[in-house]
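Enquirer: Sequence:
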Amino acid sequence: MARYYLTCAIDYANGEPHAGHAFEKVGADVIARYRRSLGDDVRFAIGMDEHGQGIAEEAARRGSDPQAFVDEMANVWGGVWRRLGISNDDFIRTTEARHSRAVVAIIERMREAGDLYTDRYAGYYCVRCERFRKENELADGRCPLHPKREITWTEEENYFFRLSRYRDPLLQHLETHPEFVQPASRRNEILRLLEGGLDDISASRSRLPWGIPFPGAQDHTVYVWMDALTNYLSTTGFPEDGYEDWWPAHLHVIGKDITRFHCVIWPAMLLSAGVELPRTVWAHGFVSVAGGKISKDAGSELNLDELNDRHGKDAFRFFLMREAPWDGDRNFSSAAELLERFDRRYNAELANDLGNLVSRTAAMVHKYREGRALPGGETVLDEARVSSLRAYHDRMEAFLLHEGIEAILGLVRRANAFVDHEEPWKLAKEGESAADRLDSALGALVRCLRSVAAMLGPFMPDKAAELWQRMGGSEGPPTYAEAAAAPVAAGLQAGEAASAATPIDVRKGPSLFPRYDPDP
RNA sequence: GGCAGGGUAGCUCAGCCUGGUAGAGCAAGGGACUCAUAAGCCCUAGGUCGCGGGUUCAAAUCCCGCCCCUGCCA
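Sequence positions in the first sequence follow our numbering and run 10 to 529.
Honestly, the hints are just simulated from the structure, not real lab data.
Any given hint could be a false lead.
Claimed, not checked - Derived SDA-like pairs: lysine to any residue, alpha-carbon spacing no greater than 20 Å straight-line: (1) 517 - 396; (2) 265 - 295; (3) 376 - 481; (4) 265 - 334; (5) 435 - 334; (6) 435 - 448; (7) 517 - 425; (8) 265 - 197; (9) 438 - 484; (10) 265 - 198; (11) 265 - 191; (12) 265 - 411; (13) 438 - 375; (14) 265 - 297; (15) 517 - 362; (16) 376 - 427; (17) 265 - 196; (18) 376 - 519; (19) 517 - 475; (20) 517 - 428; (21) 517 - 484; (22) 376 - 432.
Build the full structure now, drawing on both the sequences and the hints.
Expert: And the structure:
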């Protein structure tokens, strides 16, 4: 069984999660579930970044002890992810002992490699960015990203990491591994950044107690980004034996705003420490409202739990993946527009197209064949089904999740047209003479819905499982193998997909996606 | 300021690489049907393809300039 380790960026524990965070978690979860549906042994890790001055200050502001504060935040965030159906196998927190052990280990390896040295640093320090800014980087004497914060002149003796030394190796790695940074637009940005040269960066902070003590200099703490990045390694058990069962990671899912940390600093740290590099860093775009990240402004109208409850969590997951491209951005002009599109998509695509297809199929199988769909012969719908499976598989392997959904919906539309074209109700009236044709049509529809369930599983786990079971599937999530989709996944001939079908007992049930009628 | 991507039907976008009748989905209007969640199916879009030049028999599609938006870096 192939192993597959993927991660999300860990979240900074100084505030509440919003729809933008959900976009990343759901996308990564879709990939995790997709890999599982293919039979991979998946490890999916998410977590919290709990160190740094920003946390210490927020805790103080709330009159709380930092540890108590991050404990509370971990509960809040973890709860949200549970309600969204995020199937993470681990939840790493940077205040855990297993994490600081890994951080200390990697720092020590970097030191042994001769990549750490001490120097005096002076500059303006932005607490929110957790980084120094040069004078010419300031706007009106403040950090351009956080203009509301005072920025303070700071001088300190720091440890530095010889990042500059890794410019050429990194460039070479990106050249020889084009899949390392994706999508390609992000890779180009990193290439250009590297071509411009790299400065060494500080690896420690003094007078900042809320962090991991720097090995060999207990009055310093490890630079928060180096601390945070190492989480990907610490969930594998690094540096203990056996961590290589999961490392290198196949995929780091991150936001496009932190590519430099994941595509430059992190791999440089790993190169320095003599640890293998992750295979791919995927930088997704943002879901935004009125041009800004979804946050406090839109937050009142776009509360995550309310969005989750509006049409059910699976519908919300579907909406996020359907509406926003996984390789780009999606801006809504207002919170109202977002909700309107959510409602429309829900009614048009889930209730009308898919939900109705499920009920009309189940109803016909019961009305004309007492609930049992016979295999019948292959139809044009089987051809459409196989090509959808192919397209879906292609798109999902390329991490184009929104296009994967499109492949599913295309098949659903096709199936509805197929019903109207075949007119099974007429075939039923014709009796014996049309019996074969009726069986073929109903069989094709049931096979189609089984494949839809398999493809939909990563996006809408509960609804897909329900659909799967109604269409004669066994307990548990649908898989490629069982959904007559295995030949496609395995690259075999298309025709074999349908021939595996045997009589299928179909169950009727309440509407899978009841139409939403907003205050008639 | 440098680099990258983008500006196409009311909305969200595809097409542009490999020039030659402008497409899809949603929303809207009409029709035939009845298995179904009054859902589905079929028909209906006359949009200066950001602006101005150029190349060509022919440009949304290639070249040049400009305007606007977004991102990365300064």
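Enquirer: Hint by hint, say whether it matches the structure.
Expert: Quick rundown of the hints versus the structure:
At roughly 28 Å between alpha-carbon atoms, residue 517 and residue 396 are farther apart than 20 Å, so this suggested pair is violated. For the given pair, residue 265 sits about 8 Å from residue 295 by alpha-carbon distance, which is consistent with the 20 Å threshold. Pair hint residue 376 plus residue 481 holds up; C-alpha atoms about 17 Å apart against a cutoff of 20 Å. Distance check on the hinted pair: residue 265 and residue 334 sit about 13 Å apart at the alpha-carbon level, within 20 Å; holds.
Under the criterion of a C-alpha separation no larger than 20 Å, the hint pairing residue 435 with residue 334 is inconsistent with the structure, at around 42 Å. Among the hinted pairs, residue 435 with residue 448 is consistent with the structure: their alpha-carbon atoms are about 13 Å apart, no more than 20 Å. At roughly 18 Å between alpha-carbon atoms, residue 517 and residue 425 fall within 20 Å of each other, so this suggested pair holds. The hinted pair formed by residue 265 and residue 197 meets the criterion: a straight-line CA distance of about 13 Å does not exceed 20 Å.
For the hint linking residue 438 to residue 484, the alpha-carbon distance of about 35 Å lies beyond 20 Å, and the restraint is violated. Annotation: proposed proximity of residue 265 to residue 198 holds, straight-line Cα distance about 11 Å (limit 20 Å). Between residue 265 and residue 191 the alpha-carbon distance is near 10 Å, which keeps this suggested pair within the 20 Å criterion. Among the hinted pairs, residue 265 with residue 411 is consistent with the structure: their alpha-carbon atoms are about 17 Å apart, no more than 20 Å.
Of the pairs offered as hints, the one joining residue 438 and residue 375 holds, with about 15 Å between alpha carbons and a cut-off of 20 Å not exceeded. A C-alpha spacing of about 13 Å is found between residue 265 and residue 297, which places the hinted pair at or below 20 Å, so the restraint holds. Note on residue 517 and residue 362: the hinted pairing holds, with a Cα-Cα distance of about 17 Å set against a maximum of 20 Å. The hinted pair formed by residue 376 and residue 427 meets the criterion: a straight-line CA distance of about 18 Å does not exceed 20 Å.
Taken as a hint, the residue 265 and residue 196 pair is honoured in the structure, with Cα atoms around 11 Å apart against an allowance of 20 Å. For the hint pairing residue 376 with residue 519, the CA-to-CA distance comes to about 16 Å; that is within 20 Å, so the pair holds. Proposed proximity of residue 517 and residue 475 is supported: the alpha carbons are some 11 Å apart, at most 20 Å. Restraint check for residue 517 and residue 428: satisfied, since their Cα atoms lie roughly 18 Å apart, inside the 20 Å limit.
Among the hinted pairs, residue 517 with residue 484 is consistent with the structure: their alpha-carbon atoms are about 16 Å apart, no more than 20 Å. Using a Cα cut-off of 20 Å, the hinted pair residue 376 and residue 432 holds, with the two alpha carbons roughly 14 Å apart.
Against the hints set out earlier in the document, violations occur for numbers 1, 5, 9.
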